[in-house]
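Peer 1: Going by the numbering used here, the sequence shown opens with residue 1, and the numbers climb by one from there.
Heads up, a few of these hints could be off.
[To be verified] Capping the alpha-carbon separation at 25 angstroms, the derived lysine to any residue pairs in SDA-like fashion look like this:
#, residue 1, residue 2
1, Lys53, Lys98
2, Lys29, Arg66
3, Lys96, Lys29
4, Lys96, Arg72
5, Lys96, Ala117
6, Lys76, Ser22
Because the hints were derived from the structure by calculation, they are not lab data.
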Amino acid sequence: MALSSNYVQVYGQLGDFFRRISEGQAPDKFTRQYLRDLGFGSSNFRAVIPLLKTLGFLTDDGTPTRRYLEYRNTAKSRSVMGEALKEAYSDLFTIKEKPTDADRELIEGKFRSVHNATAVTSRLMASTFYALLGLADIDAKTDEEKRRKETDEQLQVAIPPPSGNETAREPRAPGTSLHYNIQIHLPATKDVEVYNAIFKSLKGHLLE
1 MALSSNYVQV
11 YGQLGDFFRR
21 ISEGQAPDKF
31 TRQYLRDLGF
41 GSSNFRAVIP
51 LLKTLGFLTD
61 DGTPTRRYLE
71 YRNTAKSRSV
81 MGEALKEAYS
91 DLFTIKEKPT
101 DADRELIEGK
111 FRSVHNATAV
121 TSRLMASTFY
131 ALLGLADIDA
141 KTDEEKRRKE
151 TDEQLQVAIP
161 PPSGNETARE
171 PRAPGTSLHY
181 NIQIHLPATK
191 DVEVYNAIFK
201 SLKGHLLE
């Protein structure tokens, strides 16, 4: 779980800022000088750099990541931002799957309690989140969610439901039992979540 504590006072200009970085070529290192080159010379914009790191757009040393580069694709930018927000603010999406302005008080309270923030700071944190939310498509499936869906679909094909001439719960004669031998070919992956999804799906198919 995660809840970013980064915020900017210039949250109202985040839309313009992200539009600029999508239009410009990604730098070798995202520095304060590059901020000035983009037209954001005010010291208030310096807080954007740690925010980009929290969102996974930059590495710790300021190098643009794959997510930064994918955001520059305008066809994917909203879904990329949605994925970034779900990671950086996962605590908020746990309590509210689709936050709206009506949830602002709840969200400010979450920032205040988790980060022991003042009322002013928690409002800035929430305002930064909402500004980013306006740039995101949170309904878009993340890569991890797509992999899990594909795994479930593969299992449904591998373990077909009983045919029409079979009775799922046919009474059996006393002393008789049926045994099934099921072989599973696991995919080659280091992602433990893929295996978790497979066994979870198996449990649902075999025990229901």
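Peer 1: Just pull the numbers of the violated hints for me, sorted ascending.
Peer 2: Per hint list: 3, 4 violated.
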